[in-house]
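Take these sequences, add in the hints, and give me the full structure.
Next come the chains, spelled out residue by residue.
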Amino acid sequence: MSSEPIERRVSYLGDRLKASRCQSCGKEYFEVRDYCSNCGRKSYGKMESIDLFFDKGKLELCTYINEPTNKFMKLSSFIYGIISFHGGKIRVPGRLTDQLICDGKDIDFSSFEGREVVPRFRRRYSVGKNEVVPTISLAFTLADEYYPHQEYVVSSSNKEYELPGIVGYGAYTSRFRIKEEAIERAVPFIDEDSVTAAVEAGKLALIHSGVSNTLVGKVYCGSESNPYAVKPIASKVAQVLELGEKDGDVQAVDAVDTEFACKAGTSMFKDACSLVSYPRSGVKFAMVIGADNSQAAPRGCPGGELDQFVGYGGAAYIFGKQDVIAEVEAWYSCTSDTPDFWRRDGEPFPMHGGRFTGDPAYFKHVRKAATKIMERQNLKPSDVTFFVPHQPNPTFPVRIARELGFKDEQFLPSLQINKIGNTYSGCSPVGLAAVLDVAQPDQRILVASYGSGAGSDAYLLRTTSQILDKRKRQKVNVKFQTENRFVEYVDYTTYRRLKLGM
Amino acid sequence: MQNCPAIVGVGRTKFGEHYGKEPEKLIEEAWLAASNECNIERKDLEACYMSDCFLPITNKLGLEEGFLSELTELHVPMEVTRSFSAALLTACHAIQAGVYNTVLVGGIEKMTDRWDKIRDDLMLLEDPWSYYAGGTPESNHELMLRAYIKKYQITGENLDKLNIALAHVAVKNHANATKNKYAQYQKKITVDQVIKARKSAHKPLGLFDFAPISDGASALILTSDAAAKKLKCIPIHVLGCTSATDYLNYPAREDLSRFVAAEIAAKNASLMAKTSLLDIPVIEVNDESTMMELVSLEDLGFYPRGTAWKSIYESSKSNKNSYEMNGKQLFVNTDGGLKADGNPLGATGGAQVFEIYRQLRGDAGERQISFGAGTPKSGCVLEFEGFGTKAYVTILGEKKD
Chain A
326 MSSEPIERRV SYLGDRLKAS RCQSCGKEYF EVRDYCSNCG RKSYGKMESI
376 DLFFDKGKLE LCTYINEPTN KFMKLSSFIY GIISFHGGKI RVPGRLTDQL
426 ICDGKDIDFS SFEGREVVPR FRRRYSVGKN EVVPTISLAF TLADEYYPHQ
476 EYVVSSSNKE YELPGIVGYG AYTSRFRIKE EAIERAVPFI DEDSVTAAVE
526 AGKLALIHSG VSNTLVGKVY CGSESNPYAV KPIASKVAQV LELGEKDGDV
576 QAVDAVDTEF ACKAGTSMFK DACSLVSYPR SGVKFAMVIG ADNSQAAPRG
626 CPGGELDQFV GYGGAAYIFG KQDVIAEVEA WYSCTSDTPD FWRRDGEPFP
676 MHGGRFTGDP AYFKHVRKAA TKIMERQNLK PSDVTFFVPH QPNPTFPVRI
726 ARELGFKDEQ FLPSLQINKI GNTYSGCSPV GLAAVLDVAQ PDQRILVASY
776 GSGAGSDAYL LRTTSQILDK RKRQKVNVKF QTENRFVEYV DYTTYRRLKL
826 GM
Chain B
6 MQNCPAIVGV GRTKFGEHYG KEPEKLIEEA WLAASNECNI ERKDLEACYM
56 SDCFLPITNK LGLEEGFLSE LTELHVPMEV TRSFSAALLT ACHAIQAGVY
106 NTVLVGGIEK MTDRWDKIRD DLMLLEDPWS YYAGGTPESN HELMLRAYIK
156 KYQITGENLD KLNIALAHVA VKNHANATKN KYAQYQKKIT VDQVIKARKS
206 AHKPLGLFDF APISDGASAL ILTSDAAAKK LKCIPIHVLG CTSATDYLNY
256 PAREDLSRFV AAEIAAKNAS LMAKTSLLDI PVIEVNDEST MMELVSLEDL
306 GFYPRGTAWK SIYESSKSNK NSYEMNGKQL FVNTDGGLKA DGNPLGATGG
356 AQVFEIYRQL RGDAGERQIS FGAGTPKSGC VLEFEGFGTK AYVTILGEKK
406 D
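Going down the list, the protein sequences come from chains A and B. The numbering used here puts the first sequence at residues 326 to 827. The numbering used here puts the second sequence at residues 6 to 406.
Please keep in mind that the hints were generated in silico from the structure rather than gathered at the bench. Please note: incorrect hints may appear among the correct ones.
[Said to hold, decoys possible] Cut-off 27 Å, straight-line C-alpha distance, at most; resulting in silico cross-link-like pairs (DSS-like, lysine-lysine): (1) B:K156 to A:K414; (2) B:K201 to A:K399; (3) B:K395 to A:K414; (4) A:K414 to B:K155; (5) A:K454 to B:K122; (6) B:K315 to B:K166; (7) A:K454 to B:K65; (8) B:K193 to B:K333.
In this text, all values refer to a predicted model and were calculated from it rather than measured experimentally.
The following block contains the structure:
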């Protein structure tokens, strides 16, 4: 059994790679130090805390591990080494992640040594199914490959908008894909799950928004593949991204998980907007995340049809009223108790209602929400530049978009289902991110998400001029990840193994 | 050294797997052998110092002193340390202080009882952050080798020679072990085998570069000089005995290509013994890996930094069991070292002292080295706890009056 206090302490330091710097002599330490061993007692109280979470390091030395310790057995083999930060002032151990090493090949260690690496928040190692999931950021990826290093620069706000809206966003998906016919789907690496995807998306959203993490007063996490039945993803996100003011070792932030199948994330957009608009909330910015390691039974098993389409990833949105890139003009939601897709407690994989998932479920709700919001706003499909339908498979979104009267150029930019698969709670949010990546100022975007169970949230967004300025901040956008030359393809067996996690 | 402590008897068990034996049985065997050698009765013992690195973890044994008391029917002061050298150091201090005249120093480890999780425990104990990052007990040794290669810019032909030199360390130690009835491995290996094992694993160091997991015990009787004289045996004196400490986290250390703690301990032990280590012909180093033996030769000052491999490579050409140092022969790990003799952590240091004791007394049998006309006059033991986190250097020899 793991020890909860030890787990908490290791995570507290390791998830964020907390370090200290002596303000007198400049010596730096991994971990939190109360005084500098160089300067002794006189440095007491003069240590400043730094962290390496948004930093980049250099892989100094490495070796190959093919017989890991028990808890790393599921990684089977990996490159492991010593990473330095700040020109060697801090050195930490670390493993390279997102690398499938094929046995039988000689490894030239010097081809890795000296390269820049980015710390990544991942699962630390395997534990029993009833234990706390350990995490750490002593996992690194090569900065010159799939995921480049990006600085997090906090900028002061320029403009206050009348309506609340999206201030920044980030979409994240893994480096691995399975390709079957025309469909490519994202596959998590074995140390990734919905929690790590939520953190990655949140990290990218902070970078894109330029909003200080301390000003984010609430975080909502929507997912249907939380590794825990009880214990929020949002608490991990708040802790790792240090959302809200730091107060001792707690964050002054409200964090909550939401669940409504695939619309767990989008449902909270309006709540985030309302919260930042309420003058007494004290919340300037609220973060909404939808992320999933979409679950599906293996093919041939009941529910295995989903295995054709499930992907991995998610997106995070920061809502506020300052420096908005897309104002939220209107919303409309509808709900009915339609059990077209479900997963009973304790079951590993969801079940679905076969052909009923289409007509009485998806189409009915999406059609209702999209039609109603346009009706209320007095808009025709041609008044909207982009339509983002929920995309559980390649056919549904196309059918509903055309039925509603949208042209291909209006909805095709949003469709990522053929590139990263159905990311459940991350699905519509990732589609919206792909559209925001290319939208011009003063364009209308209509989003209609869908969640089984069932319901749909429609939002009408209007982009502002700031969308162009902020775009420059984000290199790791949807296109960058889907058309990345470092994407690695895996076969069906590897896909199932990676998806199962460590 | 004032009030110079003397070793009057040593004993040990075979190292390897002792499936059927409790830890108590092993220490009993070692202590009986040691006390037989110098004809000491257990009632003569005034204190016991015992070492085990992690019996509380492997065998869920806390209060190891208690079972030692049951075994010996003694109610004298007993203390437990993590390594044999640490126990010996503490015992030496007590004898020097004149507190005791005769004490037992013992070491024990039962690692195969937790074969399933021993590597996790070893690594977690040795360097927790490296463990959390995925490190294995072997990886730090390999990283040190990488650091060494980079620091001294060893490339091309020289890199091949370095790799052969490291292989020769294992070959030499296995050959030495064939003459040691207590050794865990009794078979010779070749440079080719060592290199093939690395190649098939695609690693800088392979199966034959690392010491095994072992069970075993070792013991010695330590007395004051005056008490040794009454025993009518030839004592071997502890001339210098010291330790030094370094960070737990290997990557955070200043220099990754050496063990600073070993260097400091060696210097201090040498000052204490008023002897230069360079005059010592036989040493036991803590070769948890072949890389560790190489680096230790430099840490102890036998070779300038970045050069020890050259001398080892020269010995490999004629498959010699000694290295050349300034025209003299240096014998290292004549018992097979941790590599072939075995490495039951808490007992390992005892086996190292056992070997030097035998060599200095001239009763090492087939393994006996000659030094000029007679037996060597002094020897040295380097033992580590963790991956260079603690280093103990003990210099043994004849007391200079």
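Okay, the hints, checked on the actual structure:
| no. | hint | result |
| --- | --- | --- |
| 1 | B:K156 to A:K414 | holds (18 Å) |
| 2 | B:K201 to A:K399 | holds (26 Å) |
| 3 | B:K395 to A:K414 | holds (23 Å) |
| 4 | A:K414 to B:K155 | holds (19 Å) |
| 5 | A:K454 to B:K122 | holds (19 Å) |
| 6 | B:K315 to B:K166 | holds (8 Å) |
| 7 | A:K454 to B:K65 | holds (25 Å) |
| 8 | B:K193 to B:K333 | holds (26 Å) |
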